[in-house]
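Go ahead and model the full structure; you've got the sequences and the hints to work with.
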Amino acid sequence: MPLDMELEAVLRPPALEMKPYPPKVITLANGKKMVVREAKREEVPTLLEAVHPTLFIPRDFYDIVGARLYAELLAWYRYRVRNEYCLVGQIDGYLVGIVNGRMVDEKVGMSYHTLAIDRGLRIGAHLFAAKMEHHIEYLGQSEVLIVAESPIGFRRWMIEYGLEPTEIQHELGGPDSYRLTREMYFDSKPRLVVGDRPAPRDLLDYALENVFVADEETINVKIAGLKGR
Amino acid sequence: MRDVAIIGVGMIPFGRRDEDSLMDLLAYASLKALDDAGLGDKSVNAVYVGNMGGGIIQHQTAIASSLVDRLSLLPAAAETVENGPASGGSAVKNGLLAVASGYYDYVLVVGGEKMREVTGWKATDFVSTMTHPEVEYPYGVTLPGMAGMFTRLYMEKYGVTREHLTAVAIKNQDMGALNPYAHVEMSISREGILDSPHSVVNNPPVADPLHLYDACPVSDGAAAVILCPLEIAKKTGKPPVLIAGFGQATDTHTLQERDDPTDLKAVSLAAKQAFEMAKLKPADIHVAELHDAFTILEIAESEHVGFFKKGEGAIAALAGKTKLGGQIPINVSGGLKARGHPVGATGVAQVVEITFQLRHELPKNRQVKGAENGLTVNFGGFGNNVLAFVLRRVQQ
Numbered sequence: 001m002p003l004d005m006e007l008e009a010v011l012r013p014p015a016l017e018m019k020p021y022p023p024k025v026i027t028l029a030n031g032k033k034m035v036v037r038e039a040k041r042e043e044v045p046t047l048l049e050a051v052h053p054t055l056f057i058p059r060d061f062y063d064i065v066g067a068r069l070y071a072e073l074l075a076w077y078r079y080r081v082r083n084e085y086c087l088v089g090q091i092d093g094y095l096v097g098i099v100n101g102r103m104v105d106e107k108v109g110m111s112y113h114t115l116a117i118d119r120g121l122r123i124g125a126h127l128f129a130a131k132m133e134h135h136i137e138y139l140g141q142s143e144v145l146i147v148a149e150s151p152i153g154f155r156r157w158m159i160e161y162g163l164e165p166t167e168i169q170h171e172l173g174g175p176d177s178y179r180l181t182r183e184m185y186f187d188s189k190p191r192l193v194v195g196d197r198p199a200p201r202d203l204l205d206y207a208l209e210n211v212f213v214a215d216e217e218t219i220n221v222k223i224a225g226l227k228g229r
Numbered sequence: 001m002r003d004v005a006i007i008g009v010g011m012i013p014f015g016r017r018d019e020d021s022l023m024d025l026l027a028y029a030s031l032k033a034l035d036d037a038g039l040g041d042k043s044v045n046a047v048y049v050g051n052m053g054g055g056i057i058q059h060q061t062a063i064a065s066s067l068v069d070r071l072s073l074l075p076a077a078a079e080t081v082e083n084g085p086a087s088g089g090s091a092v093k094n095g096l097l098a099v100a101s102g103y104y105d106y107v108l109v110v111g112g113e114k115m116r117e118v119t120g121w122k123a124t125d126f127v128s129t130m131t132h133p134e135v136e137y138p139y140g141v142t143l144p145g146m147a148g149m150f151t152r153l154y155m156e157k158y159g160v161t162r163e164h165l166t167a168v169a170i171k172n173q174d175m176g177a178l179n180p181y182a183h184v185e186m187s188i189s190r191e192g193i194l195d196s197p198h199s200v201v202n203n204p205p206v207a208d209p210l211h212l213y214d215a216c217p218v219s220d221g222a223a224a225v226i227l228c229p230l231e232i233a234k235k236t237g238k239p240p241v242l243i244a245g246f247g248q249a250t251d252t253h254t255l256q257e258r259d260d261p262t263d264l265k266a267v268s269l270a271a272k273q274a275f276e277m278a279k280l281k282p283a284d285i286h287v288a289e290l291h292d293a294f295t296i297l298e299i300a301e302s303e304h305v306g307f308f309k310k311g312e313g314a315i316a317a318l319a320g321k322t323k324l325g326g327q328i329p330i331n332v333s334g335g336l337k338a339r340g341h342p343v344g345a346t347g348v349a350q351v352v353e354i355t356f357q358l359r360h361e362l363p364k365n366r367q368v369k370g371a372e373n374g375l376t377v378n379f380g381g382f383g384n385n386v387l388a389f390v391l392r393r394v395q396q
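Here the protein sequences line up with chains A and B, keeping their order. When we follow the numbering used here, the leftmost residue of the first sequence carries the number 1, and every step to the right adds one. When we follow the numbering used here, the leftmost residue of the second sequence carries the number 1, and every step to the right adds one.
Don't take each hint at face value.
Unchecked claim - Here are some of the chain A residues that sit facing chain B, going by a computed Cβ distance under 10 Å:
hint, residue
1, Leu121
2, Pro190
3, Val194
Quick caveat, the hints were computed from the structure, so don't treat them as lab data. No experiment lies behind these values; they were computed from the predicted model shown. Ideal Cβ positions, reconstructed from N, Cα and C, are used throughout, including at glycine.
Structure representation (structure tokens):
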């Protein structure tokens, strides 16, 4: 059905200007190179394909994270959430992780979700770090509000970054938010935030031109198989 | 005393087995070993189960009594053997002595552990219960912490560096990537865990100077062997593997009471006993499974069992002498580092792996060509209770 653009203009939230996230390349433990870059809105249908299998994986709360990320990405695609961004990790073109968040205002960032599709290589840790890097260094914000929906997330974010609890309700509706300040970010940066810039042109071009999604069985095995770590 | 042989082995893939209970793991491995031995369920006289944490993690005791019923092996004798991370080795020893004495003819030995149903913190705490209850545990000592201190001393005394440790980690993960039983079937690269500035995230410190990839994963898993007198084993179709020698030795409970904490006396003594009983020397061994819960332990044990002089294990590892095709292939299974370390299973899994090797059953990319003699070292506590076994392929 064609959109009524007059009404659509009312439904679509106005957006803040958001500075782009400069792509980078991270060498993983197995020597593979992961390109980390900002996703474009028109890539969302492909991203949803990668997220979809996780909706049915209860292990480590993947189903909750997957379902909510799916909805958040769809809302971004359909212009129903304000100031959202999405970063992706790709190895040899394959999507291995997706993170997202949004700007509440000029100063405050809201971290949404971190989804590692390949596991055991600290992809989630790298992409969460990239997300914090985006909020603090490129969007120039003062703080980021964060919650965890899994014990793994709690260990990775709250403990590794030494986040401070607040009494601010997080937009995801769970417990009160934890806060990452600029000072905490820069204290943690030497041990948690890495990546080479500028991203080598050949790797970046390949990632942009070839966005692959692993088949559902592969995603299931990587996330919830016997070898899951 | 009768000669004792292994006529059946079974192992299940190690990893994170959310769907299986501890009893499931033990039963699966046992059934595979019984099948391998061609025994069915009629002839087992006794069952020994190596397990460290059932009472703590699963809140279950008398595990062997439960297993023997579950396997329909009643009225076989059954006992659970708890000896820390050497529980598996101790269970094998008990089975060996029971057959050697002439009292039992067929014994099932199975080791298993299910550690992934608790958080990593709780698993680390559970393993720490083996430390001294008055002078270590209350102060927060963990096994990774002990290994970190041990590594620092070893570095100072023998010049071991992170480069040496990394060589062991890469070797064992490369081999684990070829082993379908391994928890971590993933190769790693020196660039990714040591040379690249990105390694600070990929391979963070866990207990300085040890990093993530210096430590074994926390795993679920089980392994089993069937023992019988050699004379009976010779009548089966498969090449019998003789337990030619074994040794067990203990050392002070706490590291700080040792004259030289870098001297793993119990490893040296256990290996010496095993070699003497087998009438073999370290140079006669073709393949070894050493207890590499941390990379430094593979290096230290390779010296203490006599493969290399003190201080030369690290150099040998870096030079590739412990790789498949090297002077003495160590942990061709991937070791604890990659196969995983379900503590009660490890000592049995080492014996299963060497049996595969001595039967020449493994694919070419994992088989030590022409292997006739193998060694296992199962390291309990921090070297305070160690078992060693020398296995030999019997020519028919």
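How the hints compare with the structure:
no.	hint	verdict
1	Leu121	holds (7 Å)
2	Pro190	holds (7 Å)
3	Val194	holds (4 Å)
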